[in-house]
Amino acid sequence: MKLLNRSLLYLSVSMFFIIGLWSVVFYFNMLNKIKESVDEGLDHYKRQIVYQAQKDSIILEKSNFEGGFFTIGEITASEAIAIKDIYIDTLMYMQDADDEIPELEPVRLLTTAFENNGHYYKLSVINSMVEEDDLIEELLRETLGLYFVLLAAVIIINNFVLQRLWKPFYSFLIQLKNYRVGSSRKFPEVKTKTKEFTDLQNAVNILLQRNIETYEQQKQFIGNASHELQTPLAIATNKLELLIEKGDLQSRQAESIAEVMRIIERLVRLNRSLLLLTKIENKQFLDEQIVSLNEIVRQNVSDLEEIAEFKNVKITVAETAGLTAQMDVSLAGIVISNLLRNAVFHNIYNGIVTVEISEKTVKISNTGIKAPINEQKIFSRFYKADDNTSGTGLGLTIVKAICDLYNIAVRYYYENDLHSFELRFR
Amino acid sequence: MKRIIVISLLALISYTNDLFAQKILKSQVPSLVVNSFQQKFPKAFDIDWELKDKLYEVDFETGLRGTDHVAWFDKTGKLVKHKEEISKSNLPGKIMAKIKSEFGAYRVDDVKRITEDSKVIYMLELKSVTEEWKLTFDAEGNVLSKVAD
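These protein sequence lines are chains Y and H, in that order. FYI, the numbering for the first sequence is 1 to 426, going by the working numbering. FYI, the numbering for the second sequence is 1 to 149, going by the working numbering.
By construction, these hints were calculated from the structure, which means they are not laboratory data. Please note that a few of the clues may not be correct.
Straight-line C-alpha distance at most 25 Å; calculated DMTMM-like pairs for lysine to aspartate or glutamate [stated by the list, open to error]:
1. H:100 <-> Y:61
2. Y:122 <-> H:138
3. Y:84 <-> H:125
4. H:40 <-> Y:287
5. H:23 <-> Y:56
6. Y:84 <-> H:110
7. H:52 <-> Y:287
8. H:78 <-> Y:287
9. Y:84 <-> H:131
10. Y:33 <-> H:46
11. H:26 <-> Y:61
12. Y:219 <-> Y:137
13. H:127 <-> Y:105
14. H:134 <-> Y:295
15. H:40 <-> Y:43
16. H:43 <-> Y:79
17. Y:35 <-> H:48
18. H:23 <-> Y:74
19. H:26 <-> Y:248
20. H:23 <-> Y:39
Each pair of labels, with its calculated beta carbon distance range [to be verified]:
21. Y:117 <-> H:138: 24 to 34 Å
22. Y:22 <-> H:118: 40 to 50 Å
23. H:22 <-> Y:148: 50 to 60 Å
Below, a sample of chain H positions facing chain Y; criterion: calculated Cβ distance under 7 Å [said to hold, decoys possible]:
24. 34
25. 75
26. 145
No residue lacks a Cβ here, since even glycine has one placed at the ideal position from N, Cα and C.
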């Protein structure tokens, strides 16, 4: 959830409760005020009636509410003394403008007593009250209206303000996402004077600086180590060759020595691969030219024919278009050869390898173990899906490094029992 | 310390209230009294009710200048007594003449007219620099009482 929406969620929930509570308080205050003013009105009516009664005794005869809003009835003195002015809510049959037949309407009823010419009378005065359910309904509508208006205002303000506030952050984030240690020249920078963001930039840049240093050191170490290993490995091979050539060995000893030489051979290959990788990452290949991928594929397929025949693997090439790229020709060869070797070596007996070349892509698919390989790990150094130990574990890493160098998208997927690598050129 | 003073003050106030009078709300006053009062003094405001010796005493003001009144009603709403602040110029001529002749050197202050059972008496204060007297007159100008204040 985005920051923007999260703050909006909190605001709208808390606002809902605040407004809800407020409307309840408001409702009761309002009702009270209405009652107060209705009661005041009743008090005025009462005074008028008592005053009129002194001048015109005919109204003393009014004993029901027919066509009026009060009743008067004579009572005894002791009854009259006991009466105090009381206001109550009650219901009475009345006909409003919006009613077709008389129905129960809420009214406020004042009961009082007064004296007139030595006689005591009880007086009841009514006034129609606001219908509480109408009031609640209206208030609910208004409150909801207020809530949505406020919500809309908050959304607009939030969008405007927060988006402005967080703009530097998002642009920084995008820069950071695109940052690659070892290839990006410029550190991500935040274009603002907001302290938190500049602090973030400084922290991130310090982290990146350390990362770069470590990366460089590591690169240098691998480069140096593999370079330094070359000579001792060559000497070891030479000495072993000499030992065999002298010929006074027993066959079992000779076999052991041949075994050692094979291991050294593997070491040499491994070392060469590491050196190559270092060179690629240091961008020491700058001999860029237009190369035809079709040609390179054909070349590599014919190179691999013998091994494929030995493993009984059938290689087919389908070309739908000519594909060329601007890159170092030897690196292009390494990419294709590594992928093809990979396809042949990790194949099954009687398996197949298909190469499809289209306008923008090269796709190499092969049969193999019937399960997908972890696509996150497949390109990492020394990762081996099976325990076939003859590989260096660097082939695909080199492919990935070369593709990154030339901005070629390389993708692995497993589909229809086929392991596929797709190179997409730009 | 402060607390004790406040508490004792409050206690004192409530005690005196209990002793002399009891402030009551309008809703506790019988309807007969309220209606009688409202008919007799329709323009009253700042109304305070008290119950004193079975009589309902009502303090109120009338007019633009807030003339003070006190009225006493019995429980059937009959006006028993009415005390009203009046100005010096509203005193009956006979009383004025009496004051002029006998108390010429005094200043007249705090004039009240008290109506009780259709009998009217006037109460006023006479002040000089050194003396202060409380006097009551009947409508004919006779001095009913004279008390040093």
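Does the structure keep residue 43 (chain H) and residue 79 (chain Y) at a Cα separation of 25 Å or less? violated (28 Å)
Residue 78 (chain H) paired with residue 287 (chain Y) [C-alpha distance capped at 25 Å]: With a Cα-Cα distance of about 124 Å, the restraint between residue 78 (chain H) and residue 287 (chain Y) is violated, given a limit of 25 Å.
Hey, residue 23 (chain H) versus residue 39 (chain Y), does the alpha-carbon distance stay inside 25 Å? holds (22 Å)
Hint check: residue 26 (chain H) vs residue 248 (chain Y), CA-CA at most 25 Å. Holds or violated? Roughly 135 Å separates the two Cα atoms, so the pair is violated.
Between residue 22 (chain Y) and residue 118 (chain H), is the Cβ distance one that fits in 40 to 50 Å? violated (59 Å)
Could you grab the alpha-carbon distance between residue 134 (chain H) and residue 295 (chain Y) and see if it respects the 25 Å cut-off? Violated, at roughly 135 Å.
Take a quick look at whether residue 23 (chain H) and residue 74 (chain Y) sit within 25 Å of each other, Cα to Cα. violated (31 Å)
CA of residue 127 (chain H) to CA of residue 105 (chain Y), is that 25 Å or under? violated (65 Å)
Are the Cα atoms of residue 219 (chain Y) and residue 137 (chain Y) separated by 25 Å or less? Distance ~75 Å between residue 219 (chain Y) and residue 137 (chain Y) Cα, so the pair is violated.
Under the criterion that the straight-line Cα-Cα distance not exceed 25 Å, is the pair residue 52 (chain H), residue 287 (chain Y) satisfied? violated (118 Å)
Satisfaction of the residue 75 (chain H) interface hint, Cβ to chain Y closer than 7 Å: Holds. Min distance 5 Å.
Closest C-beta approach of residue 145 (chain H) to chain Y relative to 7 Å, hint status: violated (34 Å)
The structure does not agree with the numbered hints 1, 2, 3, 4, 5, 6, 7, 8, 9, 11, 12, 13, 14, 16, 18, 19, 22 and 26 stated previously, though it agrees with the rest.
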